[in-house]
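Going line by line, the protein sequences match chains F and W. Each residue of the first sequence is one higher than the one before, counting from 1 in UniProt numbering. Each residue of the second sequence is one higher than the one before, counting from 1 in UniProt numbering.
Hints may contain errors.
Partial list, derived from the structure: chain F residues whose beta carbon lies under 10 Å from chain W [unchecked claim]:
no., residue
1, Ala43
2, Val85
3, Leu121
4, Ile126
5, Gly213
6, Thr223
7, Ala225
8, Ile247
Derived from the structure by calculation, the hints contain no laboratory data. Keep in mind that this is a model prediction, so the values were computed, not measured. Think of the CB as a built atom: it goes at the ideal place given N, C-alpha and C, for glycine as much as any other residue.
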Amino acid sequence: MHETRAFRTFRAAVVAVLATVTALPLYVMVTSALKPLSDVRGAFSWWPSSLTFQPFVDMWTTVPLARYFVNSLVVASAATAASLVIAVFASYAVSRYRFRGRSAFTTTVLSTQMFPGVLFLLPLFIIFVNIEQGTGFQFIGTRIGLVITYLTFSLPFSIWMLSGYLDNIPQELDEAARVDGCSPVGALLRVVLPAARPGVIAVAIYAFMTAWGEVLFASVMTTEANRTLAVGIRQYSTQTNVYWNEIMAASLVVSIPVVIGFLLLQRHFVAGLTAGAVK
Amino acid sequence: MATTTPAAPPVPAPARAPRTAPARRTRRSGWWLPYALLAPAVLLELLIHLVPMLTGIWMSFTQLTRFTLRDWTSAPWVGLRNYQVALDVDGAVGRALLESFAVTCAYTLLVVGTAWVLGMAAAVALQRPFRGRSLFRTLFLVPYALPVYAGIVTWNFMLQRDTGVINHLLVENLGVLDDRPFWLIGGNAFASVVVVATWRLWPFAFLMLTAGLQSVPDDVYEAAAMDGAHAFRSWWSITLPMLRPVNLVLVLVMFLWVFNDFTTPYVLFGTAQPPAGDLISFHIYNASFLTWNFGAGAAMSVLLLLFLLLVTGVYLITLNRRSRRA
Numbered sequence: 001m002h003e004t005r006a007f008r009t010f011r012a013a014v015v016a017v018l019a020t021v022t023a024l025p026l027y028v029m030v031t032s033a034l035k036p037l038s039d040v041r042g043a044f045s046w047w048p049s050s051l052t053f054q055p056f057v058d059m060w061t062t063v064p065l066a067r068y069f070v071n072s073l074v075v076a077s078a079a080t081a082a083s084l085v086i087a088v089f090a091s092y093a094v095s096r097y098r099f100r101g102r103s104a105f106t107t108t109v110l111s112t113q114m115f116p117g118v119l120f121l122l123p124l125f126i127i128f129v130n131i132e133q134g135t136g137f138q139f140i141g142t143r144i145g146l147v148i149t150y151l152t153f154s155l156p157f158s159i160w161m162l163s164g165y166l167d168n169i170p171q172e173l174d175e176a177a178r179v180d181g182c183s184p185v186g187a188l189l190r191v192v193l194p195a196a197r198p199g200v201i202a203v204a205i206y207a208f209m210t211a212w213g214e215v216l217f218a219s220v221m222t223t224e225a226n227r228t229l230a231v232g233i234r235q236y237s238t239q240t241n242v243y244w245n246e247i248m249a250a251s252l253v254v255s256i257p258v259v260i261g262f263l264l265l266q267r268h269f270v271a272g273l274t275a276g277a278v279k
Numbered sequence: 001m002a003t004t005t006p007a008a009p010p011v012p013a014p015a016r017a018p019r020t021a022p023a024r025r026t027r028r029s030g031w032w033l034p035y036a037l038l039a040p041a042v043l044l045e046l047l048i049h050l051v052p053m054l055t056g057i058w059m060s061f062t063q064l065t066r067f068t069l070r071d072w073t074s075a076p077w078v079g080l081r082n083y084q085v086a087l088d089v090d091g092a093v094g095r096a097l098l099e100s101f102a103v104t105c106a107y108t109l110l111v112v113g114t115a116w117v118l119g120m121a122a123a124v125a126l127q128r129p130f131r132g133r134s135l136f137r138t139l140f141l142v143p144y145a146l147p148v149y150a151g152i153v154t155w156n157f158m159l160q161r162d163t164g165v166i167n168h169l170l171v172e173n174l175g176v177l178d179d180r181p182f183w184l185i186g187g188n189a190f191a192s193v194v195v196v197a198t199w200r201l202w203p204f205a206f207l208m209l210t211a212g213l214q215s216v217p218d219d220v221y222e223a224a225a226m227d228g229a230h231a232f233r234s235w236w237s238i239t240l241p242m243l244r245p246v247n248l249v250l251v252l253v254m255f256l257w258v259f260n261d262f263t264t265p266y267v268l269f270g271t272a273q274p275p276a277g278d279l280i281s282f283h284i285y286n287a288s289f290l291t292w293n294f295g296a297g298a299a300m301s302v303l304l305l306l307f308l309l310l311v312t313g314v315y316l317i318t319l320n321r322r323s324r325r326a
């Protein structure tokens, strides 16, 4: 199509404004992470007075960042894996079979997604406290408790998105596998699942990212033992000092793996999201 | 957003197209098979959603406080009193809740509206290939990919009165203001929380709308151009109608995310939130955990849920009717 001058002007303006707005925080994050503490305590400067990598060294001792990092990694990976496994079977049933209770199940799953997290926060907290008193099995302050809470938002989304994706995979595919002697579960695992890879990846990205960045439940359900990055990063602010350069360095370090992973896999994310949501 | 943000997107039933391959009857493989496949999901749904929800509704009728927490089943039953207090706009609790609700409504309209406009502008601008397109596309996705708290903590630093880049930019570099304003306390806090939330959310709109635009065939635009349609005209008469299914889901998802948003005010302000940034999820959290009045918090949560159900229901019914008429 012929591009008009007006369209080019529009494009240049939009790109310039949005690129500036997007990049400014990233620029601040990166340059502040390279500043000595005296720089971030005084008036803002666009460039460090002396370039230093010290914040990247000090941030591990000011706050037990490594432990929080491991906690976040374990919790987010476990929540992702659990919701993936459960959602694969559930969405296969929803997508391939008509059975009594099917619409009741899908309606329940879908409607829970609009519930505010704060609605579940209090009851889960109380239930966990009481289970602990009754059985001695601890949820608050443990990773397993966090994993279970994180399933409240990753599981419905995974079932919804994945069943939408499976709907787009031709049924002939698993029927052919059945003819070749596969059991239904065999057909799912050997034929349908590989074909649904973009959808599975999209679900995994979403589940991991939300668990990695979750703040509400983490602020209530964590103690020092299972604290995640999302809450732990607050501890750089003390009574006497806010270690802004170390906060920025830590933010940078915890962001880089997730951002790179997302950017590499975002094609699958978009494909899965649109298949599940837009179709 | 994800994370943004705890609540995950819902699906409006009517936006779902008829399935391409109709699900078959359970022949050969036994009637129990789908139930067996569903069993783990159903069990977990019971554990993480239904039981907590029923507990929450029950809690909202009791006077559950720090003192009755340990033995919650014996918390005194107060009937509808928590609801009366929450809805009584002459009382302190009800007034604060109403104010928080009003702030949240304004916040949601502004953030969702702006994010949609920016996402649409970027999606249209980047629709056709040009030098540097993939670079900008990648850059635009970064705010969404960043862990929620990392992005917001950076904004918190940027909005500091004396050491932040925003005041440096406005006062020293551009000279727009003489005096350094506070951005995180007082009335300006509302503008701050709106800007930060929009910054995080618009890439999601961009992502969804870009995917939607890919389904619009090129020749439709060419035909429109032949007929002498301007860029705006073809956007209005072709792009917008074609994106309708995407927009239906996108707007609803963003609405629910933003209305339930807890993370943005919590990370941006800490627990000492200014009234101008006192969003509803955050307000309920504080009402429950700072004052340890869980019954009142539960009642507010149920009211919030009822409101969201109402809005979503009206939204879906209206759209359903309109699409049936069309």
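Quick rundown of the hints versus the structure:
1. Because the beta carbon of Ala43(F) sits about 7 Å from the nearest beta carbon in chain W, less than 10 Å, this interface hint is met.
2. Interface hint status for Val85(F): upheld, as the beta-carbon distance to the closest one in chain W is roughly 8 Å, under 10 Å.
3. Given the 10 Å rule on beta carbons, the hint for Leu121(F) holds: about 7 Å separates it from the nearest Cβ of chain W.
4. Annotation: interface hint on Ile126(F) holds; nearest CB of chain W at approximately 6 Å, less than 10 Å.
5. Given hint, Gly213(F) at the interface with chain W, holds; its Cβ is 4 Å from that chain's nearest Cβ, closer than 10 Å.
6. Because the beta carbon of Thr223(F) sits about 15 Å from the nearest beta carbon in chain W, more than 10 Å, this interface hint is broken.
7. Given the 10 Å rule on beta carbons, the hint for Ala225(F) is violated: about 20 Å separates it from the nearest Cβ of chain W.
8. A hinted interface residue such as Ile247(F) counts as satisfied when its beta carbon comes closer than 10 Å to some beta carbon of chain W; here the least separation is about 6 Å, so the hint holds.
Comparing the model with each numbered hint stated earlier shows that hints 6 and 7 do not hold.
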